[in-house]
Amino acid sequence: MDIEEFRVRGKEMVDYICDFMSNIHTRRVTPDIGPGYLRPLLPSGPPNDPESWDEIMKDVESKIMPGITHWQHPRFHAYFPAGNSFPSILGDMLSDAIGCIGFSWAASPACTELETIVCDWFGKAIGLPTDFLYFSEGSKGGGVIEGSASECILVCMLAARAQAIARLKESSVHAHLDETALLGKLMAYCSRESHSSVEKDAMICFVKLRILEPDEKSVLRGETLRQLGLVCFRAKGSDKLNQKLLSTINDSGKIHMIPARVNQRYTIRFALAAPNATARDVDMAWSIITDYLSELLEFNDVMDELADIREKKRKATLEQRRSFFVRMVSDPAIQPGFTKTPNRAGDKL
Numbered sequence: 001m002d003i004e005e006f007r008v009r010g011k012e013m014v015d016y017i018c019d020f021m022s023n024i025h026t027r028r029v030t031p032d033i034g035p036g037y038l039r040p041l042l043p044s045g046p047p048n049d050p051e052s053w054d055e056i057m058k059d060v061e062s063k064i065m066p067g068i069t070h071w072q073h074p075r076f077h078a079y080f081p082a083g084n085s086f087p088s089i090l091g092d093m094l095s096d097a098i099g100c101i102g103f104s105w106a107a108s109p110a111c112t113e114l115e116t117i118v119c120d121w122f123g124k125a126i127g128l129p130t131d132f133l134y135f136s137e138g139s140k141g142g143g144v145i146e147g148s149a150s151e152c153i154l155v156c157m158l159a160a161r162a163q164a165i166a167r168l169k170e171s172s173v174h175a176h177l178d179e180t181a182l183l184g185k186l187m188a189y190c191s192r193e194s195h196s197s198v199e200k201d202a203m204i205c206f207v208k209l210r211i212l213e214p215d216e217k218s219v220l221r222g223e224t225l226r227q228l229g230l231v232c233f234r235a236k237g238s239d240k241l242n243q244k245l246l247s248t249i250n251d252s253g254k255i256h257m258i259p260a261r262v263n264q265r266y267t268i269r270f271a272l273a274a275p276n277a278t279a280r281d282v283d284m285a286w287s288i289i290t291d292y293l294s295e296l297l298e299f300n301d302v303m304d305e306l307a308d309i310r311e312k313k314r315k316a317t318l319e320q321r322r323s324f325f326v327r328m329v330s331d332p333a334i335q336p337g338f339t340k341t342p343n344r345a346g347d348k349l
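Heads up, the sequence shown is in the UniProt record's numbering, so the first residue is 1 and it goes up one at a time.
No lab work stands behind these hints: they were computed from the structure.
We put the beta carbon where it would ideally sit given N, CA and C, even for glycine.
Warning: the hint list may mix true and false statements.
[As the list claims (entries may be wrong)] Listed below are the simulated EDC-like cross-link pairs for lysine to aspartate or glutamate, each with C-alpha atoms no more than 20 Å apart in a straight line: (1) Lys58 / Glu115; (2) Lys63 / Glu51; (3) Lys63 / Asp32.
[Unchecked claim] Distance ranges between label pairs, derived from CB positions: (4) Thr26 / Met203: 39 to 45 Å; (5) Arg192 / Ala78: 20 to 26 Å; (6) Ala159 / Ile64: 36 to 42 Å; (7) Ala175 / Glu137: 31 to 37 Å; (8) Thr248 / Thr278: 23 to 29 Å.
Using the sequences and the hints given, assemble the complete structure.
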């Protein structure tokens, strides 16, 4: 197809689109076909020789259109029929003709700058705080235009994950940890009313997700987040020590916790989930944990000392037995029958 044929076919395509939009109400909203309908209608491989545009359009109408769910149909009431205004169709044609990719300012300055301007337009239209805008004074905000809501959620979660890990690395407590270790500490939260793509995107990002209940107006409030929390900890030492600590604390009935495995090591989960829990309850729980741990460590110290004494006694006993055995086989006074004597020339076996 040369430029002159494109000029003709382009005008034909505009006419086809206009006829399609004008008569879409005469078509079925959903297709009357079953899964796999298209494969028998098309060749098993791509054509070796080009086909005429007329033949291609005949295939579109006879083979593709019967399998289309018409989102722009006046009786389509399932999803949001967006991006199909006549200006947007013309905009797609123009964008395809320009054919650049604005992955950096140098790659196409107008792409980058127009995106920032339009993002601010949209942010102002929905009432975002100025911290989220590109061109507000001192702002580190801004955004990008994505192709879908699911893609937006994924990009936002990746950005939030990177920012959270960078913030943790600034802390002296976590500075020595690898990013993969910090990733396991992150927790994302969403409303139960959120789209299913949130859960899928969390899986892609390797971020744990906690789904929270909204209020009676189907809104997730900050207060709900403040009432939730999860801390995992373990005492230095063996898994057996931590298992003993958890069983001792739970047997006391003062607080209750459950175990978990983190990097194949036994840990104790301290979850703050009760809606009426206060900071005082947390402090009291921590005091109980430290008290029982101190007692357990003191008991372990005593047991270690006893174990050392037993080990020393065992080694001393073994040494005494060894010494006695050596004397027994070498001292004629103890075992004369086992004593070796030099062979004499006249001795016979």
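Hints versus structure:
Simply put, Lys58 and Glu115 have alpha-carbon atoms about 38 Å apart, too far for the 20 Å limit, and the pair is violated. About 16 Å separates the Cα atoms of Lys63 and Glu51, which keeps this hinted pair within 20 Å; it holds. Restraint check for Lys63 and Asp32: the C-alpha separation of about 12 Å stays at or below 20 Å, so the hint holds. Checking the proposed 39 to 45 Å range against Thr26 and Met203 shows it holds: the Cβ atoms sit about 43 Å from each other.
Between Arg192 and Ala78 the C-beta distance comes to about 22 Å, which sits within the given range of 20 to 26 Å. Taking the beta carbon of each, Ala159 and Ile64 are about 38 Å apart, inside 36 to 42 Å as hinted. With their beta carbons about 33 Å apart, Ala175 and Glu137 fall inside the hinted range of 31 to 37 Å. One distance hint, 23 to 29 Å for the beta-carbon pair Thr248 and Thr278, holds here, with the actual separation near 25 Å.
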